[in-house]
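Trainee: Each chain is listed here by its residues.
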Amino acid sequence: AQSVAQPEDQVNVAEGNPLTVKCTYSVSGNPYLFWYVQYPNRGLQFLLKYITGDNLVKGSYGFEAEFNKSQTSFHLKKPSALVSDSALYFCAVRGATGRRALTFGSGTRLQVQP
Amino acid sequence: DAGVTQSPTHLIKTRGQQVTLRCSPKSGHDTVSWYQQALGQGPQFIFQYYEEEERQRGNFPDRFSGHQFPNYSSELNVNALLLGDSALYLCASSFRGQGNYGYTFGSGTRLTVV
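The listed protein sequences correspond, in order, to chains A and B. By the working numbering, the letter at position 80 of the first sequence is numbered 80, and the numbering carries on one by one without gaps. By the working numbering, the letter at position 51 of the second sequence is numbered 51, and the numbering carries on one by one without gaps.
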C-alpha cells in the first residue's frame, strides 16, 4: 500500500522568509511524487513533480522540492514566501509501476504573514 | 486550450437520491480519474477509466459507479446518497502514453447532501 504523511497541519511564515512544507511517503518500488496547491473553493493546481533524475525539482511560482530516497521525503521549499502563497498544499505519490492512482496526504495549510 | 471541465459546479441533493457528475478531460488526454475530497481532508481515489472501462478502483462502495464515453469524457454516478457523501468531487485527466503522470485536475463539483 502507498501512503503520504504531511506532519504539519499548518505552517506559518513571514513574507520574504524561506518556507518548507514537509512530506514523507511510502510506496513499493520507485516513486512518482507530486505537489499540488489548492485555493479556497477551487480544484488542485499542479506545482511540480519528481519522476526520475535530479533530486532537486523546480516547479511553478518559484517552488522547488528535494527528493530524498533514504529518508523517503519530498519536502516543498521556496526561498522567499509571498502573501499570495497562502493556500492548502498537498503532497501525492504513486508507484512507477502497478497502481496508477495518486495517494494524497492530508494537506498543510500555509499562512504567510505580511 | 481548455483544461479539465466539470459540471455542475455545485449541487444540493436529498438523502436517498441519485446524482450524476460530469467531466470533460483536457484535450489530448484519454484517461479520467475521480477523487472525493471531504472537508479538511486530502482527495481520496474513487476510480479510473481508460478505453471506456474501469481500470482501477479505490475503497468506495458499489453505490459509486462511472462511465467513460468514446470522446473520453466521463460521468460519476452516486446512488442512495448519504450525508457522508457531501464533498468536493474532483476529476483528473491524463494521457496513458506518458505513463499517466501528467495529471490535470478540474475545479471540482461541490455536492451537498441534506
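Because the hints were derived from the structure by calculation, they are not lab data. Among the clues, some could well be false.
[To be verified] Computed list of lysine to any residue pairs in SDA-like fashion (alpha-carbon distance at most 25 angstroms, straight line):
#1 B:K13 x B:S107
#2 A:K49 x B:G28
#3 A:K49 x B:S86
#4 A:K22 x B:G102
#5 A:K49 x B:H10
#6 A:K58 x B:G102
#7 A:K49 x B:S107
#8 A:K58 x B:F95
#9 A:K49 x A:P114
#10 A:K49 x B:K13
#11 A:K77 x B:T104
#12 A:K69 x A:R42
#13 A:K49 x B:Y101
#14 A:K49 x B:R57
#15 A:K69 x B:A38
#16 B:K13 x A:R42
#17 A:K58 x B:R96
#18 A:K22 x B:A38
#19 A:K22 x B:Q41
#20 A:K49 x B:G40
#21 A:K22 x B:G40
#22 B:K13 x A:N41
#23 A:K77 x B:G40
#24 A:K22 x B:Q44
#25 A:K77 x B:Y101
#26 A:K58 x B:G3
#27 B:K13 x B:G97
#28 A:K49 x B:L82
#29 A:K69 x B:G40
#30 A:K58 x A:A96
#31 A:K58 x B:S86
#32 B:K13 x B:G102
#33 A:K22 x B:Y101
#34 A:K49 x B:Q56
#35 A:K58 x B:K13
Trainee: State for each hint whether it applies.
Mentor: A quick look at each hint next to the structure:
no.	hint	result
1	B:K13 x B:S107	holds, 20 angstroms
2	A:K49 x B:G28	holds, 20 angstroms
3	A:K49 x B:S86	violated, 30 angstroms
4	A:K22 x B:G102	holds, 22 angstroms
5	A:K49 x B:H10	violated, 30 angstroms
6	A:K58 x B:G102	holds, 16 angstroms
7	A:K49 x B:S107	holds, 20 angstroms
8	A:K58 x B:F95	holds, 22 angstroms
9	A:K49 x A:P114	violated, 29 angstroms
10	A:K49 x B:K13	violated, 37 angstroms
11	A:K77 x B:T104	holds, 22 angstroms
12	A:K69 x A:R42	violated, 32 angstroms
13	A:K49 x B:Y101	holds, 9 angstroms
14	A:K49 x B:R57	holds, 23 angstroms
15	A:K69 x B:A38	violated, 31 angstroms
16	B:K13 x A:R42	holds, 21 angstroms
17	A:K58 x B:R96	holds, 24 angstroms
18	A:K22 x B:A38	holds, 22 angstroms
19	A:K22 x B:Q41	holds, 16 angstroms
20	A:K49 x B:G40	holds, 23 angstroms
21	A:K22 x B:G40	holds, 18 angstroms
22	B:K13 x A:N41	holds, 19 angstroms
23	A:K77 x B:G40	holds, 23 angstroms
24	A:K22 x B:Q44	holds, 20 angstroms
25	A:K77 x B:Y101	holds, 21 angstroms
26	A:K58 x B:G3	holds, 22 angstroms
27	B:K13 x B:G97	violated, 38 angstroms
28	A:K49 x B:L82	violated, 35 angstroms
29	A:K69 x B:G40	violated, 29 angstroms
30	A:K58 x A:A96	holds, 20 angstroms
31	A:K58 x B:S86	violated, 36 angstroms
32	B:K13 x B:G102	violated, 33 angstroms
33	A:K22 x B:Y101	holds, 21 angstroms
34	A:K49 x B:Q56	holds, 22 angstroms
35	A:K58 x B:K13	violated, 42 angstroms
Comparing the model with each earlier hint shows violations of hints 3, 5, 9, 10, 12, 15, 27, 28, 29, 31, 32 and 35; every other hint is respected.
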